[in-house]
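> What follows is the residue order along each chain.
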Amino acid sequence: MRKFILAASLAIAAAGFANSAQAQGEIKIGEINSYSLLPAFTEPYRKGWQLAVEEINAAGGINGKKLVVISKDDGGKPADAQTAANELVSSENVAMLTGTFLSNIGLAVSDFANQKKVFFLAAEPLTDAITWSKGNRYTFRLRPSNYMQAAMLVEAASKLPAKRWATVAPNYEYGQSAVSVFKKLMSEKRPDIQWVDEQWPPQGKIDAGPVVQALAAANPEAILNVTFGADLVKFVREGNTRGLFKGRDVVSFLTGEPEYLDPLKDETPVGWIVTGYPWYDIKTPDHDKFLKAYQAKFNDYPRLGSIVGYQTIKAAAAILTKANSTDPEKLIAATEGLSMPSPFGEITFRKIDHQSTLGAYVGKTALKDGKGVMVDIAYKKGSDFLPSDAEVEKLRPKD
Amino acid sequence: MAFYVVQFLTGLASAASLFLMASGLSIIFGVTRIVNFAHGAFYMIGAYVAFTLTERFSGALGFWGGIVAAALVVALLGVLVEMVLLRRIYHSPELFQLLATFGLTLMVQDLVVLIWGPDDLVGRRAPGFKGAVDFFGQAIPSYDLFLIVLSPVVLGILYLLFQRTRWGILVRAATQDRDMVAALGVNQKWLFTSVFAVGVFLAALGGALQIPRDAVHHAMDLRIIVEVFVVVVIGGLGSIIGAFVAAVLVSELNAFGILIFPKISIILVFLVMAVVLIVRPWGLFGKPEAPARRSPGLTVNPWRPLTSGERLASLAALAIAALLPFFVGNYALSVGSEIAIFVIFAVSLHFLMSVGGLASFGHAAYFGLGAYGVAFLAKMAGLPMIVSLSLGPLLGCLGAAVFGFFCVQLSGVYFAMLTLAFAQIVWSIAFQWVAVTGGDNGILGVWPDKWAASPSSFYWLSLGIAALAVVILRIIVFSPFGYALRATRDSMLRSEAIGINAKRMQWTAFVIAGTVAGVAGALFAFLKGSVFPDNMGIPLSVDALVMVLLGGVETVSGAVIGAIVFKAANIWLVSQTDWSKLVLGAFIVLIVVAFPKGIVGTLEALISRRKSASAKPLVTRIETAE
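Here the protein sequences come in this chain order: L and H.
Take the first sequence: its letter number 338 is residue 338 in the numbering used here, and every next letter is one higher.
Count along the second sequence starting at 1, add 399, and that's the number in the numbering used here.
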């Protein structure tokens, strides 16, 4: 029974890594994301934050100290994300945690941050729970939430004449809450609407043919789609072949993001109302600067993940600079109400629910030279699509 | 009416790829008894290679030629894998080949990203099958019609192959009784290789044919592999017609099921499998397995309790482990706690597998139930940690008692698949019942009480419980109950003849294993402070299997080492590299080749061989006699 000797030697080896001397004049940020599970999204994301680190250090770092980002993979599992968070906090002594993509992982790390009193800036997770029902004082979130994206889409969707609506969404928390918020906001604006069918394929396992048939059988005038990634590809291909989208309006979450739009190539459906990131058509000085720097460094175009990665680290740097300390309480105080520039214009981290006011682009899909693009784009500011303060206070537990 | 016809046809088209995969898997399992976990990987490589070829060569010939060429290329790859890797381990304990193919699967998932990049790839449509056919106002994609025709054609070809050729006769004979085929002088090596090649060809063809309807990406394999196993088992192992009927059954139930219950897809196949296996224990078209000639637990080195010297050594090792908190930091201690918890989990499965001879593919269910039990007690009832920790595992115990009753009615792979079905049903309840379980967002804030909150106290707690679990299970192994259980494992008939109630023994073992797994889950909930449906998912069940097989299934406590090695390697690699799956997979494959009986099993065999070189001829004689 050599088991414990082995355990002991392994643990000592691990400790050896842990006690590596902390260099003076450095500030470390611990970053966690699902690199191995979702490379299509996280690779551009990684490039984004690498660009940000380079720019920050070229401009003198954080109050003269060099910024270092230590990045860990969570393999798409909440338990592994917590192991990584623990390593970053206990062994690497990072000043704050950032990142995460999947909602359940974001929540797991947010709960960890709350328990261990560590500052956490959630980058990607869309769930409303992370700032509202399960919000805590140590957690902030950058991306526009499910609620905000739904509200942006409802603004456009409620103007459509369609009265019979059907929905299709992946069967997990993200899909469920996207559909329920959309339905609620839509029915408030348009009491005359009927919801005639809903389809819930398992995430990543859509059997697209039967789903498309079932939707068509309900004969809706408009469809809300929340599927993305490979599921979206299958859904669109079956829908195109079977004529599901002919004469029907489609409103779709996230489909305008290059990560999901580009794979569709010449099969991109035309005229869908989507949220997304039309990097080719955004003509603002803030975005131009980002785009030029990104293309110069990577010789590739940015995806939405690039923006999120870039702005996450930019925001982290702004927070650390303003707080001029790594004390979590001071970081929280510095972040609440902090405004900063972003490629999408100025954003603010709200004091009331720790949500940033980063917005999203809404537009219509179109085909151009055999590729999917967004047209008729408009930037929707996050601050315009959040519920009133009184409502938010009801949603969020008191700290 | 037209709608229902079209929905039926759509279901048939969905059945096509399932059938191609399932028939390949079924043939491979029937002949070689390999649970080919890498079947999904071959399917995925087939799709990737076909994507490259069809993009490279234009026109109809380029497309169809590319599809077939891709399947052939991947079949060659399969031959390579069989000859280089699997041939070395056919004589390893049952299911050990699963470990090798699992390692391959991990590697392939990273390799395809390295070769083809991270983006989803969308292949072109099939020339001649781009549009749809109008059927009373309903559109049927012509490619669907092609697939609907294709699967009976493939079924027919396979049927002719099996009925009309010498090779087919050999395959059928080997499926029925491969020892007898070997005894009659058939060259098993080439039979196995050719069967593996055909199986892989069918998988790759199934993958390649998806490119006009699907996106090619690095998670395709996991999406399909479990469902294909399920289809094979529903149809009956080794039965091609069974695979066809099961694929159609599952696809049609899904196509019509979603009209009434749109959320049913997530669980449907597992429900069908559970029902089929309870009613027909060998699947729809399967036959009862012939009684095994080789006792699965036959060890060259018979089990014995530890000698006093070994006991002292174990105690010393435990003491060293207990001193760790004085030397290492907090992170190492939480990793230590996690490893200790997985030792508990692995030994519980190991108990079921090596002592009871019952390989469970769904052991994570009881781990997860223990975790949820704790979460309910601590979060909703607000009970203190010590109470929740003692009572939480009872949920695992209860689940094991209920599901175990049904599972032990079956044996072999059917038993394994029924445990998998129950695990998936439990998982989907945790996933869907948002009001109680929080769905996939889980239950947060299950942190330990003050006395156990510090990493060192929690480490001591986990280490103590782990040591206790290992000791208790060892005591059970060498108790009269343990001997009776081993008797049922080695020969059901003989043990029943001497008056042992075999089913009750196995059921008891199942409940014990489930409860101990529940203890591990309960500790895990407090370690992580949260509970997610992940805690009872298939990947965790597979991890547990890997730990047991890595340690050595024919040992008494090999799972302890297996758990430590696997978990430590896993945590370390995930932290050090983004290509952890590639490295971990390669590591597993290496271990499989270097330690064909598992780490502890191979070491024990080496030691005993050195000790008793003279006893060697006797041992070989015993083995051949069996």
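Misleading hints may appear alongside valid ones.
[To be verified] Calculated from the model, a selection of chain H residues having no Cβ within reach of chain L, i.e. all distances over 12 Å: (1) L583; (2) R612; (3) L790; (4) A985.
[What the hints assert, rightly or not] No more than 35 Å apart at the CA atoms, straight line, and that leaves these computed lysine-lysine pairs for DSBU-like: (5) L:K289 x L:K351; (6) L:K371 x L:K283; (7) L:K183 x H:K778; (8) H:K529 x L:K330; (9) L:K330 x H:K662; (10) L:K205 x H:K849; (11) H:K778 x L:K351; (12) H:K529 x L:K368; (13) L:K28 x L:K381; (14) L:K28 x L:K205; (15) L:K163 x H:K778; (16) L:K116 x H:K778; (17) H:K529 x L:K394; (18) H:K662 x L:K184; (19) H:K686 x L:K163; (20) L:K189 x H:K662; (21) L:K292 x L:K183; (22) L:K371 x L:K183; (23) L:K205 x H:K662; (24) L:K394 x L:K351; (25) L:K398 x H:K778; (26) H:K849 x L:K184; (27) H:K849 x L:K116; (28) L:K205 x H:K686; (29) L:K246 x H:K529.
[As the list claims (entries may be wrong)] Chain L stretches covered by chain H per the calculated footprint, using a threshold of three residues with CB under 8 Å from any CB of chain H: (30) 239 to 251; (31) 312 to 321.
These are computed hints drawn from the structure, not numbers from a lab.
This structure is a prediction, so every number in the text was calculated from the model and none was measured.
For every residue, glycine included, the Cβ atom is placed at its ideal position computed from N, Cα and C.
> Does K529 of chain H pair with K368 of chain L here, judged by a C-alpha cut-off of 35 Å?
21 Å, holds
> Are K205 of chain L and K686 of chain H close enough, with their CA atoms no more than 35 Å apart?
Holds, at roughly 31 Å.
> At a Cβ distance under 8 Å, does chain H reach at least three residues of the stretch 312 to 321 of chain L?
The restraint on the stretch 312 to 321 of chain L is violated, since only 0 of its residues have a Cβ under 8 Å from chain H and three are required.
> Is the straight-line distance between the alpha-carbon of K28 of chain L and that of K205 of chain L 35 Å or less?
39 Å, violated
> Could you let me know if the closest chain L CB is still more than 12 Å away from the CB of R612 of chain H?
6 Å, violated
> Next pair to validate is K183 of chain L with K778 of chain H; report whether the Cα-Cα distance is within 35 Å.
Between K183 of chain L and K778 of chain H the Cα gap is close to 31 Å, so the pair holds against 35 Å.
> Take the C-alpha atoms of K28 of chain L and K381 of chain L, compute the straight-line distance between them, and say whether it is at most 35 Å.
Roughly 31 Å separates the two Cα atoms, so the pair holds.
> Sort out whether K662 of chain H lies within 35 Å of K205 of chain L, counting only the CA atoms.
Holds, because 12 Å separates the two Cα atoms, which is no more than 35 Å.
> Please work out if K330 of chain L and K662 of chain H have their alpha carbons no farther apart than 35 Å.
46 Å, violated
> According to the definition I'm using, a residue is off the interface if its beta carbon is farther than 12 Å from all beta carbons of the partner; does L583 of chain H meet that for chain L?
44 Å, holds
> Keeping to a limit of 35 Å between CA atoms, is the pair of K849 of chain H and K184 of chain L held or broken?
43 Å, violated
> Do three or more residues of the stretch 239 to 251 of chain L come closer than 8 Å to chain H, measuring C-beta to C-beta?
holds (count 3)
Hint check: violations occur at hints 2, 8, 9, 10, 14, 15, 17, 19, 21, 26 and 31; the rest are consistent with the structure.
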